[in-house]
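**Student:** The listed protein sequences correspond, in order, to chains A and B.
Heads up: the first sequence is residues 1 to 558, going by our numbering.
Heads up: the second sequence is residues 1 to 347, going by our numbering.
Careful: at least some of the hints might be erroneous.
[Unchecked claim] Only part of the chain A face toward chain B is listed, based on derived beta-carbon distances under 7 angstroms: (1) Gly86; (2) Arg359; (3) Leu364; (4) Pro365.
Keep in mind that the hints were calculated from the coordinates and are not lab data.
No experiment lies behind these values; they were computed from the predicted model shown.
Just so you know, even glycine gets a beta-carbon here, dropped at the ideal spot from N, CA and C.
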Amino acid sequence: MLCYQCEQTDRTGTVPGCAGPLGNCGKDAETSDLQDLLLYAVKGIAQYATRARAMGAADDEAAEFVLYSVFTTLTNVNFNPTRFVGLLHEAAAVRDRVRERYEDRVRARAAQPVEPEPLPGPAAWIPAQDLEGLVEQASSARVDAGLAEAGADVVGLRALHLYALKGICAYAYHAHVLGHGSGEVFAGVEEALAYLADEPDDTEELLARAVGLGRLNLKVMELLDAANTGTYGAQQPTTVRATQVAGKAILVSGHDLRDLAALLEQTEDMGINVYTHGELLPAHAYPLLKEYPHLVGNYGGAWQDQQREFAAFPGPVLMTSNCIIEPHVSYRRRIFTAGPVGWPGVRHLTGRDFSPVIRAAKALPGFAEDGPEEFLTVGFGRDAVLARADRVTDAVKQGAIRHFFLVGGCDGPTPGRDYYADFALGAPEDTVILTLGCAKYRFNRHDFGEIGGLPRLMDVGQCNDAFSAIKIATALADAFDCDINELPLTLALSWTEQKAVAVLLSLLALGIRNIHLGPTVPAFLTPTAVGVLVERFGLRTVGDPGADRAAALERAAS
Amino acid sequence: MTGATTGVTLTASDGERLEFGCAPGQSVLDAAAEAGAALPASCRRGTCGSCRAAVTGGPYEHGSCSPQALPPDRRERGEVLLCRTFPGGDRLEAALPYPSSRIIHGGVPEREGVITALETVARETVRLELRVEPDDAAGDGCQFDPGQFMDLRVPGQDYTRAYSLANTGNWEGCLEFFVRLRPGGLFSGWLRDGARVGDRLTVRGPQGAFGLRETGPRPRWFVAGGTGLAPLLSMVRHMAEWQEPQPARLFLGVNEEAEVFGLPELKAVACELPGFSYEICVRRPGPSWPGPPATPVDRVAALLPDAPVPPDLYVCGPPPLVEAVAGAAAAGGLAPERVHHERFLPT
Numbered sequence: 001m002l003c004y005q006c007e008q009t010d011r012t013g014t015v016p017g018c019a020g021p022l023g024n025c026g027k028d029a030e031t032s033d034l035q036d037l038l039l040y041a042v043k044g045i046a047q048y049a050t051r052a053r054a055m056g057a058a059d060d061e062a063a064e065f066v067l068y069s070v071f072t073t074l075t076n077v078n079f080n081p082t083r084f085v086g087l088l089h090e091a092a093a094v095r096d097r098v099r100e101r102y103e104d105r106v107r108a109r110a111a112q113p114v115e116p117e118p119l120p121g122p123a124a125w126i127p128a129q130d131l132e133g134l135v136e137q138a139s140s141a142r143v144d145a146g147l148a149e150a151g152a153d154v155v156g157l158r159a160l161h162l163y164a165l166k167g168i169c170a171y172a173y174h175a176h177v178l179g180h181g182s183g184e185v186f187a188g189v190e191e192a193l194a195y196l197a198d199e200p201d202d203t204e205e206l207l208a209r210a211v212g213l214g215r216l217n218l219k220v221m222e223l224l225d226a227a228n229t230g231t232y233g234a235q236q237p238t239t240v241r242a243t244q245v246a247g248k249a250i251l252v253s254g255h256d257l258r259d260l261a262a263l264l265e266q267t268e269d270m271g272i273n274v275y276t277h278g279e280l281l282p283a284h285a286y287p288l289l290k291e292y293p294h295l296v297g298n299y300g301g302a303w304q305d306q307q308r309e310f311a312a313f314p315g316p317v318l319m320t321s322n323c324i325i326e327p328h329v330s331y332r333r334r335i336f337t338a339g340p341v342g343w344p345g346v347r348h349l350t351g352r353d354f355s356p357v358i359r360a361a362k363a364l365p366g367f368a369e370d371g372p373e374e375f376l377t378v379g380f381g382r383d384a385v386l387a388r389a390d391r392v393t394d395a396v397k398q399g400a401i402r403h404f405f406l407v408g409g410c411d412g413p414t415p416g417r418d419y420y421a422d423f424a425l426g427a428p429e430d431t432v433i434l435t436l437g438c439a440k441y442r443f444n445r446h447d448f449g450e451i452g453g454l455p456r457l458m459d460v461g462q463c464n465d466a467f468s469a470i471k472i473a474t475a476l477a478d479a480f481d482c483d484i485n486e487l488p489l490t491l492a493l494s495w496t497e498q499k500a501v502a503v504l505l506s507l508l509a510l511g512i513r514n515i516h517l518g519p520t521v522p523a524f525l526t527p528t529a530v531g532v533l534v535e536r537f538g539l540r541t542v543g544d545p546g547a548d549r550a551a552a553l554e555r556a557a558s
Numbered sequence: 001m002t003g004a005t006t007g008v009t010l011t012a013s014d015g016e017r018l019e020f021g022c023a024p025g026q027s028v029l030d031a032a033a034e035a036g037a038a039l040p041a042s043c044r045r046g047t048c049g050s051c052r053a054a055v056t057g058g059p060y061e062h063g064s065c066s067p068q069a070l071p072p073d074r075r076e077r078g079e080v081l082l083c084r085t086f087p088g089g090d091r092l093e094a095a096l097p098y099p100s101s102r103i104i105h106g107g108v109p110e111r112e113g114v115i116t117a118l119e120t121v122a123r124e125t126v127r128l129e130l131r132v133e134p135d136d137a138a139g140d141g142c143q144f145d146p147g148q149f150m151d152l153r154v155p156g157q158d159y160t161r162a163y164s165l166a167n168t169g170n171w172e173g174c175l176e177f178f179v180r181l182r183p184g185g186l187f188s189g190w191l192r193d194g195a196r197v198g199d200r201l202t203v204r205g206p207q208g209a210f211g212l213r214e215t216g217p218r219p220r221w222f223v224a225g226g227t228g229l230a231p232l233l234s235m236v237r238h239m240a241e242w243q244e245p246q247p248a249r250l251f252l253g254v255n256e257e258a259e260v261f262g263l264p265e266l267k268a269v270a271c272e273l274p275g276f277s278y279e280i281c282v283r284r285p286g287p288s289w290p291g292p293p294a295t296p297v298d299r300v301a302a303l304l305p306d307a308p309v310p311p312d313l314y315v316c317g318p319p320p321l322v323e324a325v326a327g328a329a330a331a332g333g334l335a336p337e338r339v340h341h342e343r344f345l346p347t
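When you get a sec, could you build the whole thing from the sequences and use the hints?
**Tutor:** Below, the structure written as structure tokens:
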């Protein structure tokens, strides 16, 4: 096992990365190895898929399989080795199907009888029949494969591609389940995976193409934004109860709005209250979700606190998409997974049939009494903010708003994340804080007050809503007739997993400079690669929050 | 033996560690219970084998125990019954063959239940169904892992008997058991002569370490002797309910066809679980039985050499059956760690 894809990776050894029997995320070595092999396998699919698509024989079902498979390998998504064995054999079958489509097209187009050359590398992989054999095969598919020949810089940049692709596939999968697939995105993902299958070793090309992945992710996030708002309406500023209500209860965590919507439909008029957890908090702002009266509130905080919070919740928990950590025995029998997420010994539900969750909710005690009334405000997606654009620009021009800070991203258990709370809570009264992702839980219960009738804290949404933040920034730049970098705007980004890597590349692709990234720089990038990102893109690491904030205000003033 | 408390460290199969002190003359099992951790165990007197572990460090003395519960060769390899293990030095370390989720902290849950069904399903075998009453923490449901058991106690009596659950964890509070009516059996005698639908019982649990192991897509074979079918039925029902992908086959062994039971339940599983098959092996069949005389041991011995992938083997039944199947598995080249078993001992 070698895994250094997330922020919490082991950095205590001479080489960064989790390499023991168990990663810091809780993923065991066997599962990690199988995930490496699955990524190798989907590269093989992509090798044929790019060629087939170029010849008009695209297989979008195969592309959907790739999205799903890559998503399962994200941090805190799927920990079930049996599931990965199944996916590996399925990957080989999908690859063979795509290969046949490609070869049939080659034969059909040739003037003379021709036998297409089989492709090498991952495209030629044949899965071992049993678990042990697959784990053995994985030894040549490690993320640091080729280190001796290509060097650490190249291997790190390949990892940057792979991890950005994980984020892209996750976002694209979310859009896909809402019926927003895209041939252009499928093609982009296939091309990027096929590129990695060729073991690229040109650092300049890898850097340039990494920025290209950022552009691809922008398209994906736009697609997801359209999927979310097209399906459930544009986010509206909404107050959300942040405490319990007496009655039977279900807690829904993760990111998947479609799963939440299905559960709300299935629990209608049953007297069961549904609560959001973690990254599903922004769901309360979507008109077609908040119209369900039994979507009563938000419970708990960010993902890393789930073991304590789920244990205390008196009903079942539904974990959609990512952000699961090892379920404690106290709630292991009442937590359910859906979609790409999974944990051995935890009941996985398919087909959005949540009847086992509902049965559990009816049987479990629920909350005996109401908690004290406490509320959060969410719903400042691009439509809500831009509907107030005139007030915002006036406030800036009149000096009421001096600066905007976008403080957001993923929260996590590692040290150094108090930075973001300190950064936000210490922001001067004449500044506005935009936030997204679960990092906001570190400060979103604080009353930041208002500026000219505008809340000083505006929650843009999930990490999945980064596109919304980008649209807000570009619209403000248009309003002020300036470049985004000339806006009184500073980004302080907290990262944990690979969706943040994709978002970072998108921001770099847009030319946004002076992003404060933390709490640490990715372990998979060498100091040389980090130096290039700092030099070319003005990327900054986080330091002292007060000093960083002051420096940002000073830059804006100069 | 020293006169000071021994520091005991038990490591569960998921790597979780349990540390506690063990006083002189105290068994590891009792010391763990005193520290608030109920380890899987049943008889607590060296006869059932359900508190097996493997000592990995430190001296100890092992009290007498049934060779069926802990065969001598296993004992020589460092395996112990924790109810019979008495540390003899400063430290004792042992590996537990089950995950930490099987250790109960804060006492074994106890609930009241009502008999909702009691029916004879084969000669000297009854199906007992209970509905437990709602509980502050668990609500209406009763959740457990397939393979676990409950201690059952008749109200007003001070004895309990352990029976494996045959159904799966559920939110309706339903518990299902198959009980062999043994001559002179304390609990089974009451079932035969006194129990009626509507009677109340006390249930303690779920308990026990026997259960499915996550080893990827490896086939699972289940071998049951008589009412040893109960925990294995729970396992295959769980596989069907969760749509687990491993191919599964089950062998149920009985002596005579009048003892055959569980067919409707097994047929239902076969309808719901792709890749599942079962065989009924009757050692002394009568003329109406459609098959030849057979035992699960014979079937495992015959089929194992041709198995394309060595299966995980789950065995439950009387000790002679368990030992015979383990022997057949070893002869067929199956590694000992692939064989998981629970012995039924007459009580």
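**Student:** What hint numbers does the structure not satisfy?
**Tutor:** none
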